[in-house]
Amino acid sequence: MESGSAFPSLSPLALYDPFTGMQFSQKHCFLCGTPTVPGQDTVPVFAEWLMARYQLHERQIKLLDMSIVRYQDLQIACCPQCRTRHVEPLEARVQQAAAQGLAGLRQLDEPTLFLWLGKMFYGVLVTELLNELMPLARPQYPLAENAQLFRRFQAFFQPFQGLRVPMEYDDFVPGSVFLLEVDQREDALPFFYDDDLSTLTFTIKLDETMLVACLVDNGIIRQAMRRVYDDAQRPLHPVQVAEFKARVYYGAYLLNVVPDYYPRAVHPGDTTLVMDTLIDDVTGAVFNPWENSGYAQSLLEMWKPWQIPLAQILADPAQPLSLLYDADGQPRHLEQFQGPQAEEGAES
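For the sequence shown, full-length UniProt numbering gives the first residue as 1, with consecutive numbering after it.
Hints in this document: simulated from the structure, not taken from any laboratory. Treat the hints loosely; a few may be bogus.
EDC-like mimics (lysine to aspartate or glutamate), calculated; alpha carbons at most 16 Å apart, straight line [what the hints assert, rightly or not]:
#	residue 1	residue 2
1	K62	D73
2	K27	D17
3	K62	D17
4	K304	D194
5	K62	D195
6	K62	D196
7	K62	D194
8	K304	D187
Derived DEER-like restraints, expressed as beta-carbon distance ranges [what the hints assert, rightly or not]:
#	residue 1	residue 2	range
9	L90	M66	30 to 40 Å
10	Q336	P289	14 to 24 Å
11	E208	Q72	22 to 32 Å
Keep in mind it's a predicted model, so treat the numbers as computed, not measured. Ideal Cβ placement from N, Cα and C applies to all residues, glycine included.
Work the whole structure out from these sequences, hints included.
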């Protein structure tokens, strides 16, 4: 459908389905599908307040097709109504909370954090999808050919429309969101972001706060990591935060289910859409089998800044190296990181 075509507006509680006709472009609002003017009707993937706070406008990101884009050039199509009624109020709430640091962000409810992280994830993923149409280099794993990714993306997009549609999730949360406090003594990065598009995992760091999320698991990973997350409610050395991330990302990789979502029927006078969920294959395993060698690869990737080699991570193949826990399985308090060989001297 071209931007000038007639387009019926959605009712306030109606969900938008961009997967019918694959309306992922700069010609349709990402929230409601209304035709937009490319280059004019947009919102930044990373909000203006965020780019200003961390001087991100000119910083660059490398996409899967090896193209380089600046943060300020990451834009998604958004009609004026969705921008002013939904996106900008969400960003204003998060900006106000972030101004108070970790304590402020912890005051935000989980649906708000899910929607804020989801908006950035959506923007990056759609940029990748559009770039596959005219890539500089063919990605090693094209997103458009990944049926599992598309199923996860479709599932994510339904509760994500809580950004536009007043929505309640009945007895579930759509994603697992973790907030961690980073010890600032050996932390040199005020801002950091990364993602794993194939598993819908997303991480963003704002000064002493690290937010890590899997955006389409109905909170299953959070439940599986309940003990580790409880133990992590203290300032963590950046290398320990990286280990926590490795556990979340590997858990998302092993996740073997994709939730289905069902909106309840809307009746006259309703002001909220209630979403139910179902995990279809209840007879199968929720997670594929854990393999220490696979988890070690996740650790190796997350620990690259500290140059911890795989041989040390798997010095004991039955128990990969942990800096979150000591040899007795107790939470480790790490003030300085001097390499695995010196870890005993680093404990307080």
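Outcome of the hint check:
{"no.": "1", "hint": "K62 - D73", "in the structure": "holds (12 Å)"}
{"no.": "2", "hint": "K27 - D17", "in the structure": "holds (15 Å)"}
{"no.": "3", "hint": "K62 - D17", "in the structure": "violated (29 Å)"}
{"no.": "4", "hint": "K304 - D194", "in the structure": "holds (14 Å)"}
{"no.": "5", "hint": "K62 - D195", "in the structure": "holds (12 Å)"}
{"no.": "6", "hint": "K62 - D196", "in the structure": "holds (13 Å)"}
{"no.": "7", "hint": "K62 - D194", "in the structure": "holds (11 Å)"}
{"no.": "8", "hint": "K304 - D187", "in the structure": "holds (15 Å)"}
{"no.": "9", "hint": "L90 - M66: 30 to 40 Å", "in the structure": "holds (32 Å)"}
{"no.": "10", "hint": "Q336 - P289: 14 to 24 Å", "in the structure": "violated (36 Å)"}
{"no.": "11", "hint": "E208 - Q72: 22 to 32 Å", "in the structure": "holds (25 Å)"}
Violated hints, listed in ascending order, are 3, 10; each of the other numbered hints is respected by the structure.
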